[in-house]
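Visitor: Throw the hints in and build the complete structure from the sequences for me.
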Amino acid sequence: MDYIPKEKFTVKPEISILKETYPHDVQLYKIPPTGEISLLEFQDYALERQKVLQLLELILTQQHSTLEETKLAFTNLLRKEGYYQYAKLLNAQGSDSNNEDLEARRKDHISHYVLRLAYSLEEDLQNYMLVHETEFFKLRFASMNKEDLSKFLITSGIHYSQISQEFKEQNRENLRASTVFTGDFENMDFYELPFDEVVDLINDRKVYVHRGIAYVPQSEFISVFVTHFRSNLAVELNRAKKFVVTNLSDDRLQHFIKNLPDCFSGMSKVVWSSENTPISKLNDLSKTSYPLCMRIMHEHLKTNHHLKNTGRLQYGLFLKGIGVTLDDSIEFWKSEMTKKEDINEDKFNKQYLYQIQYNYGKVGRRVNYRPPGCTKLVVDPVGPGEIHGCPFKHMDIDELTKKLIEYKISPSDIHEISKYATEGRYNLACTTYFESTHKKYPEKIFFHPNQYFEQSRLILNKNEIKEENTIQDKYAELSPENISQSAKIKVEKNINTSNSTTPSKTIERKVKTIDRKMGKMDSLNIAALLNDDSD
Amino acid sequence: MDESSLLDLLPLYYSRLFPYIDYYRWLSCGEANTFARREFSFTLRDDIYIRFQSFRKINDFKNEIKRLCPYKIDIGAVYNVEPSNKKREVKFEPIQKEFVIDIDMTDYDEIRVCCSGADICIKCWKYMALAVKILDIALRNDFGFDHILWVFSGRRGVHCWVCDKKARFLTQNCRKGIANYLQLITGGDCTKKKVKIRKMHHSIKRALSIIEPVFIKICIEEQNMLGTKDNVTKFLGIITEDEMRNEVKDVLNKHLTSITKWEAFVSFFKDQIQSGSKKWCKMRYLIEEIMIQYAYPRLDINVTKGLNHLLKSPFCIHPKTGKVCIPINPKLVDQFDPHNVPTIMTLINEINTFDTKEITEQGESTDNLKRIKDYKKTSLNKPYYIFQEFLRSLENSQKGEKIKQSGMVFIQRQLQYLHEF
Ligand SMILES: [Zn+2]
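Just so you know, the protein sequences line up as chains H and R, in that order. All residue numbers for the first sequence refer to our numbering, where the first residue is 1089 and numbers rise by one. All residue numbers for the second sequence refer to our numbering, where the first residue is 24 and numbers rise by one.
I should point out that these hints are in silico values taken from the structure, not numbers from a laboratory. Keep in mind the model is a prediction, meaning the values are calculated, not measured. Where hints are given, some of them may not hold.
[Unchecked claim] When the alpha-carbon atoms are kept at most 30 Å apart in a straight line, the in silico BS3-like pairs for lysine-lysine are as follows: (1) H:Lys1450 to R:Lys95; (2) H:Lys1450 to R:Lys328; (3) R:Lys109 to H:Lys1330; (4) H:Lys1435 to R:Lys109; (5) R:Lys219 to H:Lys1507; (6) H:Lys1226 to R:Lys199; (7) R:Lys328 to R:Lys114.
Guide: Dropping the structure here:
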C-alpha cells in the first residue's frame, strides 16, 4: 500500500481550504480539526468556549418561554460580554462566508474539540458538556432559514421518507391533535422517523407516534438533529476520555486539560469551602447563609426526620461542599433520621450509610461528586412526597409566600420574589431573597447553592476574607481573564514595540508564569492531538 | 410473616419451586453470554446486601441461590464484562437492560383515603389496575413494544419489564424521553396542580378514555374525593386563581356528598365554558386535568431512566408479606386481587397436601409423584403459565431475528441450551 502523508497546515490554513471545510455556520463536529495551532491559542479558544457555555447556563436558568426569546437573551449577553464571534455564530446567518466567518467557524470547531478532551474525564463534566453543547447547537440550528436548512441537510447526508397523502387523510385526527405546529396543516409535510431519533419530541409529547414510528413535520426537524447531535457527542466524549487517559503524553497539555474545568471561578462553579463546618452550626447557618432550597430541605429533615432519595443527594452534596466532613455528615444524618420511629441505627447503617459514603467518593465508583448547580435543581423532576429542587420553580406561589412570611421576609420583597418566580426568573428571585436576608447584594452573581453560601459567608464573616482569597488564588493562575489578557498583550507588543503600553507589574508576573509553564512549546499538531484513530 | 418461618421455608422454595430454567431463558435473551454478564444483587438475612454478582452457567446461579437463600433478588443491567470479574482498570459499563417501570402505592398517598403507607386494599388496588391498563397500551400502540411482563411487587405495587430487543438497547436519554412521555403528573408536595394539558395528545386522550368510565366510582365514591373538608381543600388547591377557587368553593358548599359536589362542579364548569367566560376558557382542560391528577399512573421515573438501576426480580418472596412476586396478565388485571397472591407458606402446604393425598391414593409407589413438576401442584401454576406464554412469544421474536441474521447462530444457540441444561 502506498504511504500517503497527512496534509499539514501552517498556523493559518488557506482561505480556500477553510471554505471547503467550513461551508456552514452550524456544524455537527464529525471530523476533528487538522493543522497546527499555538498552545496559547489552543488554551485561549478553550477558555473562551468554556465561558460561552457558562453564559448559556445562566440563560437557561432564566427559563425563557420560547426558543426565540432564549436566543435573543443569549445573543445580548454574549455581545455584552464581548463574545461577538459567538453571538454571530449563534444567529447563524447560514452559509455566506467571508474571512471573518471562516475564522469564527474554525475557532468554534477547534474549541469544541478541546473541550471534549477536557470535559471527558468525569461523568458530571461529561453531562455538563452534553447538556450545554446540545443546547447551543439547538439554538444555532433554529437560526437557519429554509434555504440554509436544505443546504445543511444535503451536507449532512440524512434522508427520511415522507408519508403519503392517503396516510395523512386516514390519520388526520391523530396527526392534528398530537402535532405541535404553526401554520397550515393541509400544506404540512410529515416524515416517518424511528421514535428514538426524535427523543425531544417524544419527551414533550409533541408528535404523533404509533408502533414506534414518529410522524414528524419538517418544522420539527430540529429535534431530529438535536437528538443526533447529543447521542453522537455522548459517544465521542467517551472516546475522548480513552484518548486522554491512554494517549495524551505531553505533561503540559495533560495539566491544562485536566485543570481546565476547574480553572476559572465561573458563576456556576462549585465553591468548595476552605474550612470545616461543624454540624452544630448547621441550624444557625440554615437561617443565615443557606439558599432557600437548602433551608427548606434542612428544615424538612429537622421536622420530619426524612428526605427522599434525590433530596438526600442534593442536600448531602451541598453539605459536603460547605465543608462538612464525612464523619460529621454521617453523624448528622444518623442523628436526624433515626429520630423517626421506624429507623434505628442498624437500619440506618444498612439503608442510608452507603449513599453518604458514596457522595464522598469512599465507596462504589469512588468519584468525588460535585454538588449540583441551579440548572440541575431547576430541571430535575420533583415527584409526589418530594421537596427537593428549586423552590422558586417547584413550589406553588401561595406555598412559597407562606414560607417567606414564616421566614419573616418583608412583604415588598415577598411580592418581588413571587413576581420573579412566576415569570420563571428563578435566579433573580433567589438573588432578591439573598438581598432581603443579608440587606446587601451579593458581590458576584451565583448559579450554585454553594456559591450562594460562599457569598453569604463573605458578607457575614468579614474576618475570614483572607482565607477566601486563598481559594481564589488557586484558580487565578489559569483564569480566562489572565489568559486573554496575556494574549492581548502579545498582540500589543507586536504592534507597538516602544514599550509605551507596558502592562502593570502584576499582569506581567502572571504572564511570565503562564509562559514558563506552557509557552516554550509554541505550536503543536492538532491533528495528532485530536484526530486519533487508535480506537 | 415472621422471620424464622421465612428462614425455614426459603430453602424449600428455592430448591423445589423457583423456575430456574425459564428464568434463565428470560434473562439470557437467547445468548449464554448475555446471562453471564448480567448483574444480580442479593439481600440476605440481617439486611446484608451484595451487589455485582454474575453467573456463567445456570447451575452456578442455581447453586448460589440455594446456598444463600436470598430474601430478595434484584436484577440489573447486562454489562460489557462479567460484573463479578470487573476490574478497576477496565471500563465497566452497562450495555443493555430491559426498559422498566416501577409503580408504588405510596406515591398515591395524597389521593387515597382507604389506606396509607405500606397497606393496600381492594379499593386502592384499582389505581394499580388502571396504571397497568394505561401504560400497557401506550407501550404497545405508541412505541411498538410487544414483549411486556407485568409483575406484582410482593406488597403494594407493580413492576413492568419491557423486553423487546429495541427496548433493551435504548439509550439513557431515550429512556428518559419515554419516561417523561408517560409521566403526566409532575411536582412535589409543594405543587397542588400537578397536571397541565396544553394539547390533547392522542396518548392523553386514550388514557382519559380508560379513566373516564371508572372515575366516579373509584375516585369520587370510593376514595371520597370531595367527601371531607380536607379532601375538598386539597381539591380546591388545584384551582390556582383565588377568585375562581372561591366560586367553586361556593358551588361545592351547596352540596353534601362527594358525588353531588362533583356533579355540581362539572355542570358549573360546563356552564362557564358555554357562556364563554374568558378566565374559565383559559383552563378548558380542567376536568381532564383533574381526572389525570386523581387517577393517572404515578411512576417513579428515576427507576425507568437509569440504565444501571436495579429492580426486584419476579418470583422473589416479599420478606414482610411472604407473597410471591408473580406475573400479572395485563388483560385480566381487573380480576387480580393482591390478597389472593399465594404466599410461600401456602405454596409449601399445597405441595405437602398434594403429595400426601397422592401417596394415600397410589400407595407407596411414588413414580407418578416424581413425574409431576412441583409448581403444578400449587397455585403458582397459573402465574408460571403467564410467564411461559410471555417467554414463548419473546423467543419466537428472537428466533425470527436470529434466522434473519444467520442460520448458523440459531443452531449454535440450540446447542448451547443442550449444553446448559
Ligand atoms: Zn386502600
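Visitor: Next, verify each hint and record whether it holds.
Guide: So, going through the hints one by one against the coordinates:
Using a Cα cut-off of 30 Å, the hinted pair Lys1450 (chain H) and Lys95 (chain R) holds, with the two alpha carbons roughly 26 Å apart. Only pairs whose Cα atoms come within 30 Å are accepted, and Lys1450 (chain H) paired with Lys328 (chain R) is accepted, the gap being roughly 25 Å. Proposed proximity of Lys109 (chain R) and Lys1330 (chain H) is supported: the alpha carbons are some 18 Å apart, at most 30 Å. Distance check on the hinted pair: Lys1435 (chain H) and Lys109 (chain R) sit about 29 Å apart at the alpha-carbon level, within 30 Å; holds.
A distance of roughly 21 Å separates the Cα atoms of Lys219 (chain R) and Lys1507 (chain H); the hinted pair therefore holds under the 30 Å criterion. Straight-line distance between C-alpha atoms of Lys1226 (chain H) and Lys199 (chain R) comes to about 19 Å, which keeps the hinted pair within the 30 Å bound. Note on Lys328 (chain R) and Lys114 (chain R): the hinted pairing holds, with a Cα-Cα distance of about 21 Å set against a maximum of 30 Å.
Against the hints set out earlier in the document, no violation occurs for any number.
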